[in-house]
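**Q** Each chain is listed here by its residues.
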Amino acid sequence: MEKEELIRVENVSKYFNVPKGKFLMFPLWEKREVLKGISFKIKEGEFVGLLGPNGSGKTTTIKIMAGILVPEKGKVDVLGYVPWKKEEEYLKKIGVLFGNRSNLMFDVPVIDSLLLFKEIYELDKEFFDKRVEELARMLEIKDILQTPVRKLSFGQRMRAEILACFLHKPKVVFLDEPTIGLDVIASKKVREFLKKINRNEKTTIILTTHNMRDVERLCKRTLLIKDGKIIFDGSTNKLIKKLIKYKYAKVEFNSIRNKSYEKKILESYEVEKCNNSLVGRIPYKEQVKFTELIFKAYDVKAFSLEDQSLEELIEEVFE
Amino acid sequence: MKYFESFLIGVKETLNFKLTLALHVVSPLIMVSLLSFIWGNIYDKDFLTYFVGVSLLLPSFTFYSSSSTKFMLAIRNGWEVSFAKPINLFLFISSYNLGRHFIPYLINLTIAFSYLLLNGVEINLAVLGFSLPFIVLFDTSMAYFISLFAHYFYSIWGVRVIIKLIDVLLSGLAFPFNLINLKETGIYYLPFAHKVYYIFEASIKGVLPVDSYLILLAYSLFLVLIALPFHKLGWKKFEAQGG
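The listed protein sequences correspond, in order, to chains S and H. Taking the working numbering, I'd label the letters of the first sequence as residues 1 to 319. Taking the working numbering, I'd label the letters of the second sequence as residues 1001 to 1243.
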């Protein structure tokens, strides 16, 4: 059965006033078009990544869909509502999280903020208790619910923010860089949670991030925005295959095990050897072969393969 | 209920910080002592009863000032962004601030009531209690009015400071208004004295200050009616760039 389209964005444009200089002591402003007639549709239960360099317009797109900003041109329909009319029924059906802003009250325990949200979303006590229990277990933060937000680590706070965002079982969730500043373990926990909730509750999630791992592991579909225009809309696998060319390798070793394997590595790949370490970039498709060769050639102390940055990938696509 | 829960969050926050609570209670006491000392020296009279009455009995010190500040910051720094929830942000901030000032006010009220009673001044608590919502209404409207400037100007502190100064000077918090003819000076026709001095006077006499209520209501309506279209326009052109 064809899934229902929950979000329709048609020819949306948005302008911001940006400073262009000063005349005497007065600032001069000019209008900059940050979204240039973007259009897309999102179906129920989709997990969509919104990618783009800083200033490309991805957060503005999310803010328009969440009803925070009003576009100058175009139509937006989310769940049958015009977002910026801010109808109470609409706001009850969506969840919004901005990674570098807080929804929780800073000086009181997490549970007090959740109790406030219980009243805001008019949740009944039974549902609230079960939901908090379930989400706190999934996010592994049961033991911090009584702790004031200011005393939490950044990772704990972000997971508490995510709990608050999903508390009222929203149908559509807008997440703006939810893993920003998180360490590897905390990011992984957040990703696992989002994956589960999207699968189990069919929540439609729109995610902006600079973390390619978030997109690779969570989003089946990706929208790529650059300079206010959508330059790619399709499957994430297709995008990754299209964009990623290299992985950055870093190797530290105690000793050389096999000189002929080492020679092969130095001849075949763009790597440089310096004392007991090796750095360079290797073709994306060769990463398994390269890894095997490294472990055959060296007694490895530390080894990492890192993605190209998103900015770099986007640049390469344009080249 | 959601606004009551916001109020409770404010109360809980105040109780979390004992020093801030103590300062909230102590600072009006210091102000009262200083003002009565200064005016007492000038007129060679005892003004302690007057300043205890206007400064401690009535909650009109910082409420609207902190509400407008919080709302202005929400607009300017885009806190609204993270609060896309089915609640009126301004009323949420106001209820929360009311909660934050509630406990210190109760303590100051107890101190003032006890002091006045010990000095033979009886306060009609029914009149005082009935008057409080009018004071809160006016302060909330004033906060709403002041905060509209945040949509149009980046630096908004000046507006807040000027209005607060006018409020303190014209409400009876800084001068002993029982020595001034307020109708002749025109102060009577402004709302400030009606939320402090006249309510104190009425609470002593035990008579409802109906004129003051009407003036406060009229000014509240006036401030909201002016601010409403500007806020609406402001939100429409709201630019919260970036994440």
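Any given hint might turn out to be false.
List time: in silico DSBU-like cross-link candidates among lysine-lysine, alpha-carbon distance up to 30 Å [what the hints assert, rightly or not]:
| # | chain 1 | residue 1 | chain 2 | residue 2 |
| --- | --- | --- | --- | --- |
| 1 | S | Lys130 | H | Lys1236 |
| 2 | S | Lys41 | S | Lys151 |
| 3 | S | Lys226 | S | Lys86 |
| 4 | H | Lys1018 | H | Lys1232 |
| 5 | S | Lys171 | S | Lys93 |
| 6 | S | Lys22 | H | Lys1237 |
| 7 | S | Lys151 | H | Lys1232 |
| 8 | S | Lys86 | H | Lys1018 |
| 9 | S | Lys41 | H | Lys1237 |
| 10 | S | Lys259 | S | Lys241 |
| 11 | S | Lys22 | H | Lys1236 |
| 12 | S | Lys220 | S | Lys285 |
| 13 | H | Lys1018 | S | Lys22 |
| 14 | S | Lys238 | S | Lys273 |
| 15 | H | Lys1236 | S | Lys142 |
| 16 | S | Lys196 | S | Lys86 |
| 17 | H | Lys1018 | S | Lys93 |
| 18 | S | Lys242 | S | Lys285 |
| 19 | S | Lys142 | H | Lys1232 |
| 20 | S | Lys226 | H | Lys1164 |
Listed next, the stretches of chain H that the computed footprint assigns to chain S, with coverage defined by at least 3 CB atoms under 8 Å from CB atoms of chain S [unchecked claim]:
| # | region |
| --- | --- |
| 21 | 1137–1150 |
| 22 | 1215–1228 |
Read the hints as simulated data drawn from the structure, not as lab findings. Think of the CB as a built atom: it goes at the ideal place given N, C-alpha and C, for glycine as much as any other residue.
**Q** Each hint should be assessed against the structure and marked as holding or not.
**A** Hint-by-hint comparison with the structure:
Distance hint between Lys130 (chain S) and Lys1236 (chain H) is unfulfilled; the C-alpha atoms sit about 38 Å from each other, more than 30 Å. Annotation: proposed proximity of Lys41 (chain S) to Lys151 (chain S) is violated, straight-line Cα distance about 41 Å (limit 30 Å). For the suggested pair Lys226 (chain S) and Lys86 (chain S), the alpha carbons sit about 28 Å apart, so the restraint of at most 30 Å is met. Distance restraint check for Lys1018 (chain H) and Lys1232 (chain H): the Cα-Cα separation of roughly 39 Å exceeds the 30 Å cut-off, and the hinted pair is therefore not satisfied.
Distance restraint check for Lys171 (chain S) and Lys93 (chain S): the Cα-Cα separation of roughly 6 Å lies within the 30 Å cut-off, and the hinted pair is therefore satisfied. Taking the CA atoms of Lys22 (chain S) and Lys1237 (chain H), the gap is near 22 Å; set against the 30 Å cutoff, the hint holds. The hinted pair formed by Lys151 (chain S) and Lys1232 (chain H) fails the criterion: a straight-line CA distance of about 37 Å is larger than 30 Å. In summary, the hint linking Lys86 (chain S) to Lys1018 (chain H) is not supported, as the alpha carbons are separated by about 39 Å, beyond the 30 Å threshold.
A distance of roughly 26 Å separates the Cα atoms of Lys41 (chain S) and Lys1237 (chain H); the hinted pair therefore holds under the 30 Å criterion. At roughly 33 Å between alpha-carbon atoms, Lys259 (chain S) and Lys241 (chain S) are farther apart than 30 Å, so this suggested pair is violated. Taking the CA atoms of Lys22 (chain S) and Lys1236 (chain H), the gap is about 26 Å. The hint holds against a cut of 30 Å. Restraint check for Lys220 (chain S) and Lys285 (chain S): the C-alpha separation of about 21 Å stays at or below 30 Å, so the hint holds.
A C-alpha spacing of about 48 Å is found between Lys1018 (chain H) and Lys22 (chain S), which places the hinted pair above 30 Å, so the restraint is violated. With a CA separation close to 34 Å, the supplied pair Lys238 (chain S) and Lys273 (chain S) exceeds the 30 Å bound. Taken as a hint, the Lys1236 (chain H) and Lys142 (chain S) pair is broken in the structure, with Cα atoms around 40 Å apart against an allowance of 30 Å. Proposed proximity of Lys196 (chain S) and Lys86 (chain S) is supported: the alpha carbons are some 29 Å apart, at most 30 Å.
As the CA atoms of Lys1018 (chain H) and Lys93 (chain S) are separated by approximately 39 Å, the hinted pair breaks the 30 Å bound. Taken as a hint, the Lys242 (chain S) and Lys285 (chain S) pair is honoured in the structure, with Cα atoms around 12 Å apart against an allowance of 30 Å. About 41 Å separates the Cα atoms of Lys142 (chain S) and Lys1232 (chain H), which puts this hinted pair outside 30 Å; it is violated. Distance hint between Lys226 (chain S) and Lys1164 (chain H) is unfulfilled; the C-alpha atoms sit about 47 Å from each other, more than 30 Å.
With 0 residues bearing a CB less than 8 Å from a CB of chain S, the region 1137–1150 of chain H misses the requirement of three and the coverage assertion fails. For the region 1215–1228 of chain H, the stated coverage by chain S is violated: 0 residues have a C-beta nearer than 8 Å to a C-beta of that chain, whereas at least 3 were required.
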